[in-house]
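Visitor: If you want the building blocks of each chain, they are given just below.
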Amino acid sequence: KQEVTQIPAALSVPEGENLVLNCSFTDSAIYNLQWFRQDPGKGLTSLLLIQSSQREQTSGRLNASLDKSSGRSTLYIAASQPGDSATYLCAASYNTDKLIFGTGTRLQVFP
Amino acid sequence: DGGITQSPKYLFRKEGQNVTLSCEQNLNHDAMYWYRQDPGQGLRLIYYSQIVNDFQKGDIAEGYSVSREKKESFPLTVTSAQKNPTAFYLCASSIDGRGSNYGYTFGSGTRLTVV
Chain A
1 KQEVTQIPAA LSVPEGENLV LNCSFTDSAI YNLQWFRQDP GKGLTSLLLI QSSQREQTSG
61 RLNASLDKSS GRSTLYIAAS QPGDSATYLC AASYNTDKLI FGTGTRLQVF P
Chain B
112 DGGITQSPKY LFRKEGQNVT LSCEQNLNHD AMYWYRQDPG QGLRLIYYSQ IVNDFQKGDI
172 AEGYSVSREK KESFPLTVTS AQKNPTAFYL CASSIDGRGS NYGYTFGSGT RLTVV
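First to last, the sequence lines map onto chains A and B.
For the first sequence, my numbering begins at 1 and goes up steadily by one.
For the second sequence, my numbering begins at 112 and goes up steadily by one.
If you are wondering where the hints come from, they were derived from the structure by calculation, not from laboratory data.
Treat the hints with care, since some could be wrong.
Said to hold, decoys possible - With a straight-line cut-off of 35 Å between C-alpha atoms, the simulated DSBU-like cross-links for lysine-lysine are:
{"no.": "1", "chain 1": "B", "residue 1": "LYS125", "chain 2": "A", "residue 2": "LYS42"}
{"no.": "2", "chain 1": "B", "residue 1": "LYS181", "chain 2": "A", "residue 2": "LYS42"}
{"no.": "3", "chain 1": "B", "residue 1": "LYS120", "chain 2": "B", "residue 2": "LYS182"}
{"no.": "4", "chain 1": "A", "residue 1": "LYS42", "chain 2": "B", "residue 2": "LYS168"}
{"no.": "5", "chain 1": "B", "residue 1": "LYS168", "chain 2": "B", "residue 2": "LYS125"}
{"no.": "6", "chain 1": "B", "residue 1": "LYS125", "chain 2": "B", "residue 2": "LYS194"}
{"no.": "7", "chain 1": "B", "residue 1": "LYS182", "chain 2": "A", "residue 2": "LYS1"}
Only a predicted model underlies this, so the values are computations on that prediction, with no experimental measurement involved.
With the hints as extra help, turn the sequences into a complete structure.
Guide: Given below as structure tokens:
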């Protein structure tokens, strides 16, 4: 069964810290992996997309890595800010025409 | 700007009623999806469509119906057969069915509440 797990479920850090969010997937035959941000009561905003042939993608203070052999992806957030507070979701795409989502990591960055 | 528009933002359903959630995209994407989000659970796929006039059931299709008469539109009907419809509903699209090089784009969601 294709499953995606995110640890930790919640994280609270002081402003300025660098942090890592983890995403694990059981089936390594991944097509691509996408990281999203969700603010309370809102839709999903795409942050980064990593193709199966890639090892990482970067956008500003965000860096996402993909290790298919170990079934893991990480989202690194540098110099965190209160505005980064949100739920972060990872989703794996397989050759089955649908996304498999993790349950998310709820991040709070306090001043 | 291209994107996905979901309406309404909030919807209230009485017992025994059917309600329809709207999803429109101007991204010229072939594939469209409906997901349901419940607190503490991941997003679950209800229905998806890769081409006009064709759609497939997802993991939790019971009590829901869809149509895909136009490329831009993929409305979801929550029928009275859906016994626990209170949830946050998200519509998404992708250029093709596997996210290709651009991934998936999501709308802003509709919160449905049974009253």
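Visitor: Does each hint fit the structure? Answer for all of them.
Guide: Status of the hints after comparison with the structure:
Restraint check for B/LYS125 and A/LYS42: the C-alpha separation of about 24 Å stays at or below 35 Å, so the hint holds. Taking the CA atoms of B/LYS181 and A/LYS42, the gap is about 26 Å. The hint holds against a cut of 35 Å. Simply put, B/LYS120 and B/LYS182 have alpha-carbon atoms about 22 Å apart, close enough for the 35 Å limit, and the pair holds. Simply put, A/LYS42 and B/LYS168 have alpha-carbon atoms about 25 Å apart, close enough for the 35 Å limit, and the pair holds.
For the hint pairing B/LYS168 with B/LYS125, the CA-to-CA distance comes to about 25 Å; that is within 35 Å, so the pair holds. For the proposed pair B/LYS125 and B/LYS194, the alpha carbon gap of about 12 Å is at most 35 Å, so the pair holds. The suggested pairing of B/LYS182 with A/LYS1 holds, with an alpha-carbon distance near 32 Å, which does not exceed 35 Å.
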